Amino acid sequence: MLLLRRIQTTIALLLVLVGSTTFAVEEGDKVPVFDFASIYADKPNINLEGLEGKTLFIDFWASWCAPCVLSLPLYNEMYHKYKDQGLEVIAINVDNPIEDGLDFLLDTPLDFLIPQDPEGDAAELFGVIGMPSSYLISPDGNVELVHMGFRSGDMEILEEEVKKVLASD
Amino acid sequence: MSTARSLVTIILAVALLSACSQVRPWERGYLARKEMAWNTDALESALNDHIFFSKEAASGGDNTAGGGCGCN
Amino acid sequence: MKPKPSRSLIALSTSALALPGISLADAPPTQSTASYKISNYQEDDLSRKEAPFGDLDRYNIDVHQFKLISPVGRNFSVNIDANYETLTGASPWFTSVGLDGNPDVNLSGASGIRDKRTEVSIGARYYLENGSIGSSIGHSEEDDYRASYVGFNGERHFNNDLTTVSLAFSHSADDIFPTDAELFGRVISESKYSSSAVISVSQIINQFSTIRTAFSSTEQRGFLSDPYKLIDFRPDNKTQLAWSNSYRRFFVNRNAALHLNYRYYHDDFGISSHTIDTSWFQNLGRNYQLVPSIRYYSQSAADFFTNIDDFLKPLNEYQSSDYRLAAFGAISGGLSLVADFGNWTATLTAERYVASDKYAAYKVNQPSTALVKYNRISLGFDYSF
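Chains as they are written, first to last, in the numbering used here: chain A, -1 to 167; chain B, 133 to 204; chain C, 326 to 710.
One chain only, chain A, in its complex shape:
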């Protein structure tokens, strides 16, 4: 019995240890409450409260991540296409230093919200397990889709999902 209990304790401890490194936002979860500083010094913070009622497409990107760089201009098109229907795109930049991200934005202007996350706090909050990662959030805060990586053909899949969430609202 004692042995059993020890095993149980061990498993519990393992779960705590492993869990601390593998927690991740999954489909069906509620979006974590966030409040991020913008990458642009003159722009206000980006927080969940201020985005109430919007369908959110949250993406994690970096200037060094080739598939990210490929996806961002396409997200910009998607943003313009659906913003009037209530879509907001939030592309969180994890570059450290943030100047690398800003340099990229000079060449590739993006019109949606871009928070800075040089210390990875936001990535930690979402439990990002690969770059890029994106999360589609319904207006009532449900995580409808978690998507990792960005390959050719992914944009069509993502756009379908965005349309679905916008339509069901």
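Please keep in mind that the hints were generated in silico from the structure rather than gathered at the bench.
Hints may be right or wrong, so weigh each one.
[Unchecked claim] Where chain B lies over chain C, by a calculated footprint (3+ residues, C-beta under 8 Å):
no. : region
1   : 362 to 370
2   : 538 to 547
3   : 555 to 569
4   : 585 to 596
5   : 622 to 631
6   : 648 to 660
[Stated by the list, open to error] FRET-style restraints, in silico, Cβ to Cβ:
no. : chain 1 : residue 1 : chain 2 : residue 2 : range
7   : A       : 150       : C       : 389       : 23 to 33 Å
8   : C       : 613       : A       : 166       : 49 to 59 Å
9   : A       : 81        : C       : 617       : 35 to 45 Å
10  : C       : 609       : A       : 95        : 14 to 24 Å
11  : C       : 675       : B       : 166       : 44 to 54 Å
12  : C       : 544       : A       : 117       : 46 to 56 Å
13  : C       : 702       : A       : 22        : 44 to 54 Å
14  : A       : 33        : C       : 666       : 35 to 45 Å
15  : C       : 562       : A       : 72        : 34 to 44 Å
16  : A       : 72        : C       : 445       : 27 to 37 Å
17  : A       : 140       : C       : 609       : 41 to 51 Å
[Stated by the list, open to error] Cβ-to-Cβ under 7 Å is the rule here; a few derived chain A residues that face chain C:
no. : residue
18  : 64
19  : 68
20  : 71
21  : 151
22  : 162
23  : 166
Remember, it's a predicted structure, so these values are computed and weren't measured experimentally.
Each residue gets a CB set at the ideal place from its N, CA and C atoms; glycine is no exception.
For chain A, the structure is supplied; the task is to place chains B and C on it using the hints.
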């Protein structure tokens, strides 16, 4: 006693593993740089392998080569 | 003059392209890249002291390399490689005792050699969730040498993409049909087969450094001698083992990366070797990079190496005066300048290589007089689209 010891061992092992996994996906900007690749210039390293292979006895390494040539 | 079947110019494994664990999902490259490199390789001529008679000119080779890699659909990439080489010069034909008792080299061909080599290979790669698998086939053709080869490789990421294990196999079938065979009593036609396997493990150590270790094993059988040498008789079987280690480290405050590689090699001809090389990739502003490199190599002699051909030795006893089977050391250094402008990259490289028995880390019982020294200069372009 031995159970306690194995317990400690397992916890240490897991702690080590999680210590190892501290390079999170968003922290790999430096590792993603071109100059950090195992092979930064495929043609350059193929040429060097080719020359060294024809001038030295040793060959083999971290990738397999194609067929031979008669170069010497 | 193509005695020694040598390594292809096209490395089959494309796993070297992959960075360890950058994203959880492996994916085809996001862009196509076309690369071209032109190189001139020039060996120093021998001196009259080394070769009292005949030609002193050694090889002068021009190499054109071309590579195209393209993503295809969601899960595939394809690549095409092509090379074209032209060669003039001469190579050691036999060695003899000079008047001073030291070995003399006699180069082949009064009028020298002219040859060209053409090689083409194609490959494809399929990207899975946590890794990729690839294969390629290739063919190389010369006046007196032909090789066909096939390769397979795969890699998989583990442990939150901090660890990558890869495996590669290749097989090559080569035919050798020396020129002027009847005139010089050379073999008419021979063949040789090589199979090799490599396993490698790479590990991310921290945000700035990675390490990789690899074991490779190659089995050769068939005609492994030099058909052009007056006397050259080697075993028809050879096993080669190599253990390679690589380390990469980025220095943030210097904006530079360090590459460090070490390889130990051993084969059953009796040759062991150490290779150590290091490069420093110094970024200069946004668009330029300066890369000095230095390399040291040393090998022991094959059991049957002789620096003076023994024409009296029974024909069924192994012997070779091939300088590549001698004990020697070699030091080389190079400098590359890389200019990167968006979709274009240009690379200029100059290299100097000097082999000498003076640099040997192993004992030199019989120094070879035919060791090479060469200069190499290359200009390469990469274009992404």
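Comparing the hints with the structure gives:
{"no.": "1", "hint": "362 to 370", "verdict": "holds (count 3)"}
{"no.": "2", "hint": "538 to 547", "verdict": "holds (count 4)"}
{"no.": "3", "hint": "555 to 569", "verdict": "holds (count 4)"}
{"no.": "4", "hint": "585 to 596", "verdict": "holds (count 5)"}
{"no.": "5", "hint": "622 to 631", "verdict": "holds (count 3)"}
{"no.": "6", "hint": "648 to 660", "verdict": "holds (count 3)"}
{"no.": "7", "hint": "150/A x 389/C: 23 to 33 Å", "verdict": "31 Å, holds"}
{"no.": "8", "hint": "613/C x 166/A: 49 to 59 Å", "verdict": "53 Å, holds"}
{"no.": "9", "hint": "81/A x 617/C: 35 to 45 Å", "verdict": "52 Å, violated"}
{"no.": "10", "hint": "609/C x 95/A: 14 to 24 Å", "verdict": "19 Å, holds"}
{"no.": "11", "hint": "675/C x 166/B: 44 to 54 Å", "verdict": "21 Å, violated"}
{"no.": "12", "hint": "544/C x 117/A: 46 to 56 Å", "verdict": "52 Å, holds"}
{"no.": "13", "hint": "702/C x 22/A: 44 to 54 Å", "verdict": "51 Å, holds"}
{"no.": "14", "hint": "33/A x 666/C: 35 to 45 Å", "verdict": "40 Å, holds"}
{"no.": "15", "hint": "562/C x 72/A: 34 to 44 Å", "verdict": "57 Å, violated"}
{"no.": "16", "hint": "72/A x 445/C: 27 to 37 Å", "verdict": "36 Å, holds"}
{"no.": "17", "hint": "140/A x 609/C: 41 to 51 Å", "verdict": "50 Å, holds"}
{"no.": "18", "hint": "64", "verdict": "5 Å, holds"}
{"no.": "19", "hint": "68", "verdict": "5 Å, holds"}
{"no.": "20", "hint": "71", "verdict": "12 Å, violated"}
{"no.": "21", "hint": "151", "verdict": "5 Å, holds"}
{"no.": "22", "hint": "162", "verdict": "21 Å, violated"}
{"no.": "23", "hint": "166", "verdict": "27 Å, violated"}
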